[in-house]
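Protein chains in written order, with UniProt numbering: chain A, 1 to 196; chain B, 1 to 196.
Some hints here could point you the wrong way.
[Stated by the list, open to error] For lysine to any residue, the following SDA-like pairs were computed, each having C-alpha atoms within a straight-line distance of at most 20 angstroms: (1) Lys170(B) <-> Phe25(A); (2) Lys170(B) <-> Pro127(A); (3) Lys69(A) <-> Lys69(B); (4) Lys170(B) <-> Cys126(A); (5) Lys170(A) <-> Leu144(A); (6) Lys69(B) <-> Arg35(A).
[As the list claims (entries may be wrong)] Pulled a few chain A residues facing chain B out of the computed Cβ check, cut under 10 angstroms: (7) Phe25; (8) Thr41; (9) Glu75; (10) Pro196.
Quick caveat, the hints were computed from the structure, so don't treat them as lab data.
Quantities reported herein were computed from a predicted structural model and do not represent experimental measurements.
Note that the Cβ used here is the ideal one computed from N, Cα and C, for glycine as well.
2 protein chains.
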Amino acid sequence: MGSVAWKQLVLNALESNSHLNHSSFMQLATIGTNRTPSNRTVVFRGFQDNTDNIQINTDARTRKIEELKLCPSAEICWYFTDSWEQFRINGTVDIIDGSNPDPLKLQQRENSWFASSLRSRSQYLCPNPGLPRLNEEAQPEISLDPSTGPVDAFCLLILEPNLVDYLNLKSNQRLTFISNESAAAKKSWIVERVNP
Amino acid sequence: MGSVAWKQLVLNALESNSHLNHSSFMQLATIGTNRTPSNRTVVFRGFQDNTDNIQINTDARTRKIEELKLCPSAEICWYFTDSWEQFRINGTVDIIDGSNPDPLKLQQRENSWFASSLRSRSQYLCPNPGLPRLNEEAQPEISLDPSTGPVDAFCLLILEPNLVDYLNLKSNQRLTFISNESAAAKKSWIVERVNP
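One chain only, chain A, in its complex shape (with noise of 0.2 angstroms):
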């Protein structure tokens, strides 16, 4: 197991875990306004191109977008229920709404605004998350033409790991994954067994 890359062991516990809706949950702690942490589920949208890095869309308007351009660093808590294995990933995160001036980050934006549902994608046009809800009754149902681009409120999170802690609670082993201090598009990691 000491050779295995943290990133594969994440492919294989998303298979052997498929079969349950929740298997793309997983929790971002960050740093709240406050100095207090932040913990929240979020939804994995996969790994950046051919890199090691996790994306994950979220509205601009939640209290994370604030806190993370305070403090851009997290750490994505994952639990898979069936395999009964934890990830622990630390890093950074870059965080690309419309305004980003980068024409290829816009383009990433753009990709994960389509590869969402339609259902997905309605939610951005809802009030303001977190606020009080003004009115009780129900709110209107939300058409959105397919064609449509990402609207304001869409924003996509690009965490950059730095650290991996994985746990296997069945065989009771435990890895540690360090990134070396290379800036190279393919960082290389360590690896070591620690007690569980």
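Based on the hints, put chain B in the right spot on chain A.
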């Protein structure tokens, strides 16, 4: 739903998800010693007596203890995979290890020790978690006398909540609960319906 206490919502969720072994698993976020977030799965060990406080058992040798000593703030993210409910529970954590000067707290620690399975208890006799695994061979089976009290590494955490965010993805409803500033034993909560 507006007047329901969040604790009752937790108890309801535990009941409706009780067929799943992982329903008591939650993710605890803290602030790391290097000021980046830390996040890991822990087990809900019940509410403390008749309070809203949440009990968690942990190994005193894990990194979270050092982190909580520097910053006692934490946020639990607890997602129930069958009922599609999420609780985000923010609060401060009291660390109760064997050196605690309060006899009442030591009693609580002992109660929590004996409420755990023998298998859980024996984990606190294993080699230091997170340190390099020195012995590649299988660890000898640890036998622990059922009458033995809490060992040095056993630590009880008590999280006292002050902010709870509840999201129900089936009904698409979201509530926030904020505790009042009263230091009374029975604190009260202000509830507000917010946009999901």
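Do the hints match the structure? See the list:
Using a Cα cut-off of 20 angstroms, the hinted pair Lys170(B) and Phe25(A) holds, with the two alpha carbons roughly 16 angstroms apart. Of the supplied pair hints, the one linking Lys170(B) and Pro127(A) holds, its CA atoms being roughly 18 angstroms apart against a limit of 20 angstroms. Straight-line distance between C-alpha atoms of Lys69(A) and Lys69(B) comes to about 26 angstroms, which puts the hinted pair past the 20 angstroms bound. Restraint check for Lys170(B) and Cys126(A): the C-alpha separation of about 16 angstroms stays at or below 20 angstroms, so the hint holds.
For the suggested pair Lys170(A) and Leu144(A), the alpha carbons sit about 45 angstroms apart, so the restraint of at most 20 angstroms is broken. Between the alpha carbons of Lys69(B) and Arg35(A) the distance comes to roughly 15 angstroms, so the proposed pair stays at or under 20 angstroms and holds. With a least beta-carbon distance of about 6 angstroms to chain B, the hint placing Phe25(A) at the interface is held under the 10 angstroms criterion. Checking Thr41(A) against chain B by beta carbon gives a least distance of about 5 angstroms; that is within 10 angstroms, so the hint holds.
For Glu75(A), the shortest C-beta to C-beta distance to chain B is roughly 4 angstroms, which falls under 10 angstroms, so the interface hint holds. At a threshold of 10 angstroms, the smallest CB-CB gap from Pro196(A) to chain B is about 6 angstroms, leaving the interface hint in force.
The structure shown violates the earlier hints numbered 3, 5.
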